[in-house]
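Enquirer: Sequence:
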Amino acid sequence: MEEAEHLRHSYDVKQIYASVKKRLSMSLPMQWYAMDNLEV
68 MEEAEHLRHS YDVKQIYASV KKRLSMSLPM QWYAMDNLEV
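Heads up: the sequence shown runs through residues 68 to 107, numbered per this note's numbering.
In case anyone wonders, no lab produced these hints; they're calculated from the structure.
Careful, some of the hints might be misleading.
To be verified - Straight line, CA to CA, 25 Å or less: simulated SDA-like cross-link-like pairs of lysine to any residue:
hint : residue 1 : residue 2
1    : K89       : E69
2    : K81       : L91
3    : K89       : S77
Make a model of the complete structure from these sequences and hints.
Expert: Laid out in structure tokens, this is it:
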């Protein structure tokens, strides 16, 4: 049960990260590039 909750949270974080990265890529390509390189 805990693992499922963790996976759901991880999925939510990825969705948020993707939407933020998408918005940044429209106005701040260099910052988006830096963020992409910092991703683990």
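Enquirer: Next, verify each hint and record whether it holds.
Expert: Okay, the hints, checked on the actual structure:
{"no.": "1", "hint": "K89 - E69", "result": "30 Å, violated"}
{"no.": "2", "hint": "K81 - L91", "result": "15 Å, holds"}
{"no.": "3", "hint": "K89 - S77", "result": "18 Å, holds"}
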